[in-house]
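Number of protein chains: 4
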Amino acid sequence: MNYFWVMSGSTFGKIFKISTFGESHGKGIGLVIDGCPAGITLDETFIQSELSRRRPGQSAIVTQRKEPDQAEIYSGVFEGKTTGTPIGIFIPNTNQKSKDYNHIKDKFRPSHADFTYEEKYGIRDYRGGGRSSARETAARVAAGAIAKLILTHYDIKVKAFVSQVGPIKWTGSWSDIDHEIIEKNIVRAPDQETADKMETYIKGIRKAGDTIGGKISCIIENCPVGLGEPVFDKLHADLGKAMLSINAVKGFEYGSGFDALSMLGSEHNDKFYEENGKVKTETNYSGGIQGGISNGMPIYFNVAFKPVATIMQNQDSLDKNLEKSIVEGKGRHDPCVVPRAVPIVEAMAALVITDHLLRNRSVKI
Amino acid sequence: MNYFWVMSGSTFGKIFKISTFGESHGKGIGLVIDGCPAGITLDETFIQSELSRRRPGQSAIVTQRKEPDQAEIYSGVFEGKTTGTPIGIFIPNTNQKSKDYNHIKDKFRPSHADFTYEEKYGIRDYRGGGRSSARETAARVAAGAIAKLILTHYDIKVKAFVSQVGPIKWTGSWSDIDHEIIEKNIVRAPDQETADKMETYIKGIRKAGDTIGGKISCIIENCPVGLGEPVFDKLHADLGKAMLSINAVKGFEYGSGFDALSMLGSEHNDKFYEENGKVKTETNYSGGIQGGISNGMPIYFNVAFKPVATIMQNQDSLDKNLEKSIVEGKGRHDPCVVPRAVPIVEAMAALVITDHLLRNRSVKI
Amino acid sequence: MNYFWVMSGSTFGKIFKISTFGESHGKGIGLVIDGCPAGITLDETFIQSELSRRRPGQSAIVTQRKEPDQAEIYSGVFEGKTTGTPIGIFIPNTNQKSKDYNHIKDKFRPSHADFTYEEKYGIRDYRGGGRSSARETAARVAAGAIAKLILTHYDIKVKAFVSQVGPIKWTGSWSDIDHEIIEKNIVRAPDQETADKMETYIKGIRKAGDTIGGKISCIIENCPVGLGEPVFDKLHADLGKAMLSINAVKGFEYGSGFDALSMLGSEHNDKFYEENGKVKTETNYSGGIQGGISNGMPIYFNVAFKPVATIMQNQDSLDKNLEKSIVEGKGRHDPCVVPRAVPIVEAMAALVITDHLLRNRSVKI
Amino acid sequence: MNYFWVMSGSTFGKIFKISTFGESHGKGIGLVIDGCPAGITLDETFIQSELSRRRPGQSAIVTQRKEPDQAEIYSGVFEGKTTGTPIGIFIPNTNQKSKDYNHIKDKFRPSHADFTYEEKYGIRDYRGGGRSSARETAARVAAGAIAKLILTHYDIKVKAFVSQVGPIKWTGSWSDIDHEIIEKNIVRAPDQETADKMETYIKGIRKAGDTIGGKISCIIENCPVGLGEPVFDKLHADLGKAMLSINAVKGFEYGSGFDALSMLGSEHNDKFYEENGKVKTETNYSGGIQGGISNGMPIYFNVAFKPVATIMQNQDSLDKNLEKSIVEGKGRHDPCVVPRAVPIVEAMAALVITDHLLRNRSVKI
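Chains as they are written, first to last, in the working numbering: chain L, 1 to 365; chain E, 1 to 365; chain B, 1 to 365; chain F, 1 to 365.
Any given hint might turn out to be false.
Remember, identical chains collapse to one label, so a pair may be satisfied in a single copy or spanning two.
Taking lysine-lysine and the DSSO-like style, the derived pairs with C-alpha atoms no more than 27 Å apart in a straight line are [to be verified]:
1) K324 - K280
2) K157 - K169
3) K330 - K320
4) K99 - K27
5) K66 - K330
6) K81 - K320
7) K99 - K271
8) K271 - K203
What the hints contain is simulated information worked out from the structure, not anything from laboratory work.
Please work from the sequences and hints to get the whole structure.
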C-alpha cells in the first residue's frame with residue numbers, strides 16, 4: 001500500500017467529551033467519557049435499560065438479530081459513584097454472523113458507505129458495515145444514559161418519539177405528550193392509534209421486502225435559561241450536528257423549522273410575558289432557543305430519517321473493480337429505523353445539553 | 001456583580017480554524033484564520049466583492065444602512081501570498097447609528113437574543129443587537145472568500161441561491177442552475193421569473209411593515225470523494241452545524257432531506273454505475289454524501305430562515321424589570337433576510353469543505 | 001508553487017482561549033480572546049502598563065527600538081466591562097525599519113527560524129523575523145494582563161524575576177521576594193546587589209557585540225487547591241508548555257526540578273501539617289503541585305533562556321541556494337532577553353492559571 | 001454530596017489523538033486512538049514487547065509486582081491492518097492486591113496525589129493511587145508502540161536511556177549511543193560501566209528503604225525538517241508538555257537546556273553548512289529545533305524524575321479529618337523509577353512526533 005489516510009472524527013463534546021470505538025463485527029463497541037463530573041451515582045440498571053430500548057430483537061417490527069448489548073464499566077467509578085476520571089465502557093459483540101456478509105465483501109451496496117469508506121481509507125471491514133454500522137450508536141446510548149443521570153439532578157427531561165412513518169403522521173400537540181404511552185407501543189409513537197397504524201404499515205413494508213423512512217420528534221423540558229455558546233456553538237447548531245451525525249439522518253429542524261419559510265414576522269415573533277417572576281413566551285416558534293441560547297421554554301425539534309438502505313431485493317451495483325454486480329437482499333435488518341432510533345436521538349440530545357450545561361457554569365467570586 | 005459567565009463559542013473549524021470577534025456597533029468586526037495553507041495568492045478584490053454581496057444597502061429590497069464593509073488584512077500575507085501564519089482581518093464599523101437603539105436599551109425585543117444574552121452574561125451591548133447581530137457574518141464572508149480561493153485550486157464550486165420566499169417557490173432543477181442569473185437579480189433567485197415574483201412579494205411585505213421567511217439552497221460541485229470524518233464529524237453534520245450557526249436559521253436538510261420520510265428504500269437507493277473509470281450514481285438522493293463521506297456526486301442542501309424578528313410595528317413585550325413595555329418598530333432593517341444571506345451560506349459551506357479537505361490529505365510514504 | 005503547507009498553532013487555552021496573529025514588520029500584532037468571563041472591569045491602563053514592561057527601548061540594557069505598543073480594544077467590552085463575547089485587541093507596528101533586513105532576505109541567520117520557516121512554508125516574511133519574532137509576545141502580554149485582572153478577583157499573584165544572567169546568580173530565598181524591588185531595577189532582579197552585577201555584566205556583553213543567556217524564576221501565590229486536569233493536562237505540564245512556547249526558552253523545571261535527580265525520597269517528600277483548618281506542607285519540593293493538581297502551597301518554577309541569536313558580529317552561514325554567505329551583525333537588538341521576558345513569563349503563567357481556574361469550577365446542584 | 005467537579009484532561013494529541021482510561025486497581029487500563037492512519041500493519045508482538053519494557057517485575061531493581069500487561073485490541077484493525085477507524089485497546093489488571101492499600105484509605109501519603117484528588121473530586125479510588133498511579137502509563141506505551149510503527153515508515157528513531165541515577169552520571173556523548181547496550185542492562189544506561197554503578201547504587205537505596213531520583217535522556221533521529229506549529233505548538237513545547245505529563249517528572253530541557261544560561265550567543269549559535277544538498281549545523285545547541293520547527297538535526301532532550309514518593313519507612317502525615325497520622329512504609333514499589341520510565345519517555349516522544357508529522361503534510365495541487 002502506497003498511501004494511507006487519516007481521520008479523527010469519533011470524539012464529541014467539549015467538556016463532557018466522548019470517544020467511541022468499535023465495529024459491527026469486531027470484538028465489540030466501546031467508549032470513553034473524559035470529563036464526567038465526580039460524585040454522580042452511576043445506576044447501571046438504568047444504562048442497561050436504555051441499551052435495551054435500542055437493542056435489536058426487541059419487537060416484531062425490528063431486526064431479529066439477538067444482541068444482548070451488555071455494558072461493562074471498566075473505569076471511572078468507585079463504590080458506585082463517578083470519580084471524575086475517564087469512564088471506559090465496553091459492549092462486547094456476541095451475535096455476529098460475519099459469514100452473512102461474504103457476499104458483499106467486494107461489492108458496493110447502493111446508498112451504503114461501502115464505496116466511500118473503500119475510497120477514503122483504502123481498506124474496510126466489510127462485515128456488517130464495520131465502523132459505518134449503526135451498531136456504533138450503542139456506545140452513544142450508553143453515554144447518553146450517563147448524561148441523563150446528570151440531567152436528573154437539574155430535573156431536565158429529554159423525550160423523543162416517532163412522529164411519522166412513511167405517510168402515517170402523528171397529528172397531536174407538543175404540549176400534550178405522554179411518555180408512558182410512547183414506551184408502551186413498539187413503534188414508540190405518542191398515541192396508541194397512530195402507533196397501530198404505523199405498526200401495520202411497517203409490517204406491510206417488511207412483507208414487501210422494502211424499507212421506509214420516518215421522523216423522530218424530541219422535546220427537552222425544564223432546560224435552564226442560558227445554555228448555548230454563540231456564535232458558532234449555538235445550542236441548536238450543536239443539537240443539529242448531533243442529530244445529523246446519527247446514521248440515516250437527512251434533516252433537522254427546530255421550533256418552527258421549515259414552516260418558518262412562509263410565516264410573517266408578525267405571526268412568528270414569540271411574545272414575552274412574566275409568570276411567577278419567570279420570563280415566558282406565549283407562542284414558542286423559537287423552539288426554546290433565541291440567539292443560540294436556551295430561553296427556558298421547551299426545546300423541540302424534528303429529525304428526518306431515510307429508509308434503511310438494505311432491502312430484501314436484488315439490486316444492480318458495482319464491485320471493487322467497477323464491474324457490474326448484483327447485491328442480493330438478505331440478512332436480518334430493520335424495515336424502518338425510527339422505533340430503535342428514539343433512544344439514540346434522546347442520547348445525543350442529552351449529551352449536547354449536558355455538555356452545554358457544564359460549559360455554562362456561573363462562578364461566584 | 002457577584003457572578004460572571006463564560007463562553008468560548010466563536011471558533012469554527014479544526015484545521016482551517018477561524019475565530020471571529022466584534023459587535024454591531026463597536027469598532028468593527030474581525031477575525032483570525034489560524035491554519036490557512038501557505039502560498040495562496042490572496043486576491044483582495046475577490047474578498048471585497050464577496051463582502052459586497054452581503055453588504056447592506058445593495059438593493060431596493062434590503063436594509064438601507066450604508067456599510068462599506070472594507071476589509072483590512074493585518075497579517076499572514078507577504079508580497080501577495082499567504083505565509084501559513086495566522087491571517088488577521090478587520091472590518092471597521094462606519095455607519096452605526098447607536099442612538100437608534102436607545103429605545104430598546106432596557107427592553108427585550110420579541111424573538112431577538114436580548115433576553116437570553118442578558119440572562120447568560122448579566123451584561124449586554126444592546127446597540128444593534130451587539131454580538132448577536134448578523135453583522136458578525138461579515139467576518140464569515142471574508143473567511144469564506146479565502147476558503148473559496150483555496151477551493152479554486154481544486155476546481156470545487158460552491159453556489160447558493162434563494163429557492164423560496166414566503167409562498168413563492170423555485171421549481172427548477174438542481175442540475176440546471178445558472179450562477180450568472182443568480183447574481184443578476186436582486187433576490188438571488190435562479191431564474192428571472194421567480195426572481196420577479198419574489199421581488200414584488202418582498203416589496204409588499206416591506207410596505208406592510210412586516211417580514212417574511214425564506215429558503216436558501218446550495219450546491220457544491222466537483223467535491224472529491226473522501227471528505228468527512230465519521231462518526232461524529234460527518235460531512236453533512238458539519239455542514240448542518242455551519243448552517244444552523246447562521247442567524248435566523250431554523251432548519252437544514254441535505255439530499256432527499258425531509259422528503260425521505262415517505263420514500264421507500266427501493267426508490268431512495270442510488271444505483272451505482274461507472275463512467276470513464278469513475279463511480280457515479282443514477283439518482284442522487286444521498287446528496288453527494290454516503291456514510292458521512294463525500295462520494296463525488298454534487299452535494300446539495302436546503303436551509304430554512306425565519307422571518308426577521310424586527311418588524312415595523314409596535315409590539316408588546318417586557319423590560320429588564322419584567323414590567324410590560326412596548327417595543328416600537330423603527331430603524332433600517334431587511335424585510336427578508338435571504339437575498340443577503342446567500343453569500344453567508346456559501347461562505348460557511350466553503351469553510352466546511354476547506355477544513356475537511358485539509359483534514360483528509362493522503363500521505364505518500 | 002506546487003505545494004503548500006498548513007499550520008494552526010497560534011491558539012492557546014481551552015476555556016480562556018487566545019489566538020494571536022501578526023508579524024514583526026507587518027501592520028501590527030493582535031489577538032482574540034474567546035472565552036473571557038463577562039462582567040470583568042477592564043482596566044486599560046493596567047494592560048498598557050504591562051505592555052510597557054515588555055516594550056523595547058525601556059532601559060539602557062535592552063534594544064533601543066522605539067515601539068510604543070499601544071493596544072486598541074476592538075470588541076468584547078461595553079461601558080468598561082467585558083461582555084463575555086470575544087475580545088479583539090490590536091497593537092499597531094509603528095517603528096519598523098524593514099530595510100534593515102534587506103541584507104538577510106535570502107540568508108539563513110544562525111540559530112534563527114529563517115531556515116525552518118522557509119522549508120516548512122515555502123515562503124516567509126523575512127523582515128525582523130516575521131512571525132517568528134518575539135514581537136508576537138506583545139499579544140501574549142496583553143492577554144496575560146486581562147488574565148491577571150481575573151486572578152485579582154481570587155487574590156492570586158503571579159510574580160516573575162530574573163534569577164540568573166550568565167554566571168551571575170540570584171542566591172536569595174523563594175519565600176522572601178519583594179516585588180517592589182524587582183520593578184525598581186532595569187534587570188528585574190529580586191535584590192539590588194544582584195541587579196547591579198547583572199547590569200554591569202550585560203553592558204560588558206553588549207560592548208563585546210555578544211549576547212548572553214539567562215534564567216527567569218516565577219512564583220504563583222495563593223492559588224487554590226484543585227487546579228490541573230490529570231492525566232495529560234497536569235497543571236505543571238501546561239505551565240511547562242506555556243513557558244517552552246516563549247521565544248528562546250530551552251528548559252523548564254518546577255519545584256525541586258533538576259535538583260530532584262540526586263535527592264532521596266526521604267528528604268524530598270513534603271510532610272503535611274494542618275494550620276487553621278488548611279493542609280500545608282513543611283517543605284515544598286512539590287512546587288505547589290501534586291499529581292498534576294495544585295495543593296495550595298506556592299507554585300514556583302524556573303525557565304532557561306538561550307542567548308539571543310542576533311549578535312553584532314559577522315557570521316558564516318548559507319543562503320537560500322545553499323551557497324556560503326556572511327550574515328552581518330547589525331540592527332537594534334537585546335544583548336540579553338530576560339529583563340524584557342519577565343512580563344511574558346508572568347503573562348503565560350497567568351493565562352494557564354486562569355484557564356485552569358475556569359476549567360475547574362464546582363457546580364452546586 | 002452537594003458539589004461535584006469536572007475534568008477532561010485524559011486526551012492527548014490533535015490528529016493522532018489518544019484518550020486513556022483506567023485505574024491502578026480497577027478492571028484495567030485502556031485507551032482509544034482516534035486518528036490513526038489506515039493501512040498500517042499492526043504488529044501486536046511489538047506492542048507487547050514495548051509493554052514488557054515497562055512492566056513491573058522485569059528485573060531485580062524494580063517493583064516485584066507481577067503484571068503481565070497483556071493488551072487486547074478491540075477495534076480499528078482488520079486482517080492485520082489499521083482501518084483508519086478508532087483503535088480501542090484494553091489491558092486488564094490481574095495482580096492487584098487492593099487490601100494492601102486499606103491502611104492508607106483515609107490518609108494522605110506525603111508527596112502523593114491523595115490530598116489533591118480528594119480535594120478536587122470529593123471522592124477518590126485510594127487503591128494503589130487509583131487514576132494517579134503510574135499504571136496509567138501502560139496505555140501510553142501501547143499507544144506509543146503504534147506511533148513507533150508509523151514512524152518506522154519514515155525511518156524516524158526514538159531512543160531513550162537512563163543518564164543519571166542520584167549521583168551517578170552518564171558522561172558519554174549524544175552522537176555515540178548504542179541502543180543495543182541500553183536494553184542489555186537492567187538500568188537501561190547507555191554503557192555497561194555506568195549501568196553497573198547505577199545498579200549497585202539502586203540496590204543500596206532499596207536496602208535502606210529509600211528511593212532516589214534520576215534522569216532520562218532521549219534522542220530522536222532522522223526527523224524531517226518542518227515539524228512543529230508555531231507559535232504555541234512549537235515542537236519542543238509539545239515534547240515538554242508530553243514529558244511533564246509523565247508521573248514524577250519535575251523538569252525538561254532540550255538542546256543546550258539549562259546550560260544555555262551561561263553561554264554566549266557567539267558560542268551558542270549553530271553554524272549552518274551544506275552536505276549532499278542538505279542543510280546541517282556544525283554544533284547542535286538548538287537540539288534539532290529552531291523557532292519551534294525541526295531542522296533535520298537530531299532532537300535531544302533530558303527529563304528529570306523525582307524520587308518515588310512511596311518509601312519503606314514510616315512517615316508522619318494527616319488523615320482526611322486533618323488529624324495526625326502515621327503512613328506505614330509497605331507494599332511492592334520501585335526504589336528508582338527511571339529504568340521502567342525509559343519506554344514511557346519514548347512512547348510520549350513518539351506520540352508527539354507522529355501527531356506533528358500528521359499535522360504537517362504537504363499538499364500537491
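Here's how the hints hold up against the structure:
1. Taking the closest pair of Cα atoms, K324 and K280 come within 27 Å of each other only across two copies (13 Å); inside a single copy the shortest separation is 60 Å, beyond that limit.
2. Taking the shortest Cα distances, K157 and K169 sit within 27 Å of each other inside one copy (24 Å), while across copies they are farther apart (38 Å).
3. Taking the shortest alpha-carbon separations for K330 and K320, only the intra-copy value of 20 Å comes in at or below 27 Å, while the best inter-copy value is 62 Å.
4. In the homo-oligomer, the alpha carbons of K99 and K27 lie at most 27 Å apart inside one protomer (15 Å), although the nearest pairing across protomers, at 32 Å, exceeds that limit.
5. For the identical chains of this complex, K66 and K330 are intra-copy neighbours only, at 16 Å inside a copy versus 50 Å across copies, given an alpha-carbon limit of 27 Å.
6. Only between protomers do K81 and K320 lie at most 27 Å apart by alpha-carbon distance; the minimum there is 19 Å, versus 50 Å within a single protomer.
7. In this homomeric assembly, K99 and K271 come within 27 Å of each other (Cα to Cα) only across copies, at 25 Å, whereas the closest approach inside a single copy is 60 Å.
8. For the identical chains of this complex, K271 and K203 are inter-copy neighbours only, at 25 Å across copies versus 45 Å inside a copy, given an alpha-carbon limit of 27 Å.
Violated hints for the displayed structure: none, as all numbered hints are satisfied.
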